[in-house]
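If you're matching them up, the sequences are chains G and V in order.
Residue numbers for the first sequence follow the working numbering, so the first one is 1 and each next one is one higher.
Residue numbers for the second sequence follow the working numbering, so the first one is 1001 and each next one is one higher.
These are calculated hints, taken from the structure and not from any lab test.
For each residue, glycine too, the CB sits at the ideal point set by N, CA and C.
Among the hints, a few may not be true.
[What the hints assert, rightly or not] Derived DEER-like restraints, expressed as beta-carbon distance ranges: (1) D208/G - D1011/V: 36 to 42 Å; (2) E178/G - G1197/V: 53 to 59 Å; (3) G1139/V - R2/G: 48 to 54 Å; (4) D1136/V - T51/G: 50 to 56 Å; (5) R181/G - P1115/V: 42 to 48 Å; (6) D1011/V - A58/G: 35 to 41 Å; (7) R1174/V - Y53/G: 47 to 53 Å; (8) G1197/V - S105/G: 51 to 57 Å; (9) P1036/V - E99/G: 32 to 38 Å; (10) G12/G - V1104/V: 47 to 53 Å; (11) V1104/V - R95/G: 56 to 62 Å; (12) P135/G - S1032/V: 42 to 48 Å; (13) R181/G - E1099/V: 49 to 55 Å.
Protein chains: 2
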Amino acid sequence: MRFTTEQRLDDGILERGFTLDEVPGILWTPGSASAPVPLILLGHPPLGLRTMYPRLLARARQCAVEGFAAATIELPGSGDRPRWAAAEQARADLRRVLEAGEPVSDEIIDALVLPLVDRAVPEWQAALDALLSLPDISGPIGYSGGLISIGIRLAVVEPRIVAAGLFAGSFVPRTMFEEARQVTIPLHVLLQWDDEGNDRQAALDLFDAFGSREKTLHANMGGHTGVPHFAGEDAAGFFRRHLR
Amino acid sequence: MRFTTEQRLDDGILERGFTLDEVPGILWTPGSASAPVPLILLGHPPLGLRTMYPRLLARARQCAVEGFAAATIELPGSGDRPRWAAAEQARADLRRVLEAGEPVSDEIIDALVLPLVDRAVPEWQAALDALLSLPDISGPIGYSGGLISIGIRLAVVEPRIVAAGLFAGSFVPRTMFEEARQVTIPLHVLLQWDDEGNDRQAALDLFDAFGSREKTLHANMGGHTGVPHFAGEDAAGFFRRHLR
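Kindly produce the complete structure, drawing on both the sequences and the hints.
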């Protein structure tokens, strides 16, 4: 892991850009920290870190308020990473059926999500190895955000992640429902009830499938990107309970 | 309104029993209050105040922590109030079909809930009149708990109630779905996801029906009576936002 940029933000947070095996990422550590702190991995949809930066920064600030570090990495085929023809084809196929008003088939969802999960999850795990080797970060580790299928796979395969806050706002392959049954860590699932681009019933079915004994669904109004501020406060309470 | 008992609890809360037109009730006011405080009406199922007392007191203590008073009244036909033959018949009918493993018909649910709502809601409103005349209570007013149909009706007809936390854990007559569409105040709805005695789909449909622009559904595990402690914290945050 090589740090490429470093800046101190106005609220004292230290923001460092890094690369790890050609994968760019960002680490935010709270300014007040005197001892190593827990870490929340900030998941996001494949829109590129530059596009997602304002929202990621806002979430990192919420983490810092709780005394947690936050980190994220660029997804395969996104942002400045090498183009990935298969992923672009899958996104083009999705756009085509959405524009035609056709139903989104399982084949399209699988092609869109499964290769991304398969490639991204080992990269998140490698980032976790590197981040935990830093003196600033101790654990425990949480995962927060979309892409929900990446969160599910990580919750199953990565024992260092002890709690996950997931955003039920994206297409979920049918096979991920089977993986969801294997999840046992505490979950906090956000659902935008009036998200027109999202299949609400699928999100409810997925919540039902999770094997975790402690799982909570928070459904709010406000559309896909209109998650209310208080939903962030409730999620912060979840991570406070499980990472402190 | 006539106070019948008064005791100071260990955490300084003043607990007063009262009767109002033969309806018994309890008022809890926080010990620390130096000015009139907001009030949360504590709804409950028709099991009698004596049976419900430990749970009501625990909720009143949570209100006091936020600086809110809390009050509740006995439901018609419950506790020490005169027996109500029609209500007892409806409950006997319900028990009979549940024990026989038969589906609970709309007729049984209507007979169980609608007369209770019709009689209880004006009593809650009269209690509110009396409570607001006390120097300790200023408002704003919230309603919290079951019976959800009483909460729905109150939210529609009682403009002094500005926010409601509802427990989606009881039978809801079909006509209440129409009333739910008329609700516009902020709502915080609790659903026990694995509550076997509850119709989860009906609870989700009811949440969908509410007309409120701000409505939040919190679904948790733990069975009908196993609402996790953190769900209470999230509900406290809801009332903090709307009553302070």
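Status of the hints after comparison with the structure:
1. D208/G - D1011/V: 36 to 42 Å: holds (39 Å)
2. E178/G - G1197/V: 53 to 59 Å: violated (29 Å)
3. G1139/V - R2/G: 48 to 54 Å: violated (59 Å)
4. D1136/V - T51/G: 50 to 56 Å: holds (53 Å)
5. R181/G - P1115/V: 42 to 48 Å: holds (44 Å)
6. D1011/V - A58/G: 35 to 41 Å: Between D1011/V and A58/G, where Cβ atoms are some 38 Å apart, the hint holds.
7. R1174/V - Y53/G: 47 to 53 Å: holds (49 Å)
8. G1197/V - S105/G: 51 to 57 Å: violated (38 Å)
9. P1036/V - E99/G: 32 to 38 Å: violated (58 Å)
10. G12/G - V1104/V: 47 to 53 Å: Check failed, 58 Å falls outside 47 to 53 Å.
11. V1104/V - R95/G: 56 to 62 Å: Violated, since V1104/V and R95/G (Cβ atoms, about 47 Å apart) do not stay within the stated range.
12. P135/G - S1032/V: 42 to 48 Å: About 44 Å separates the Cβ atoms of P135/G and S1032/V, which means 42 to 48 Å holds.
13. R181/G - E1099/V: 49 to 55 Å: violated (33 Å)
In this structure, the earlier hints numbered 2, 3, 8, 9, 10, 11, 13 are contradicted, and the remaining ones agree with it.
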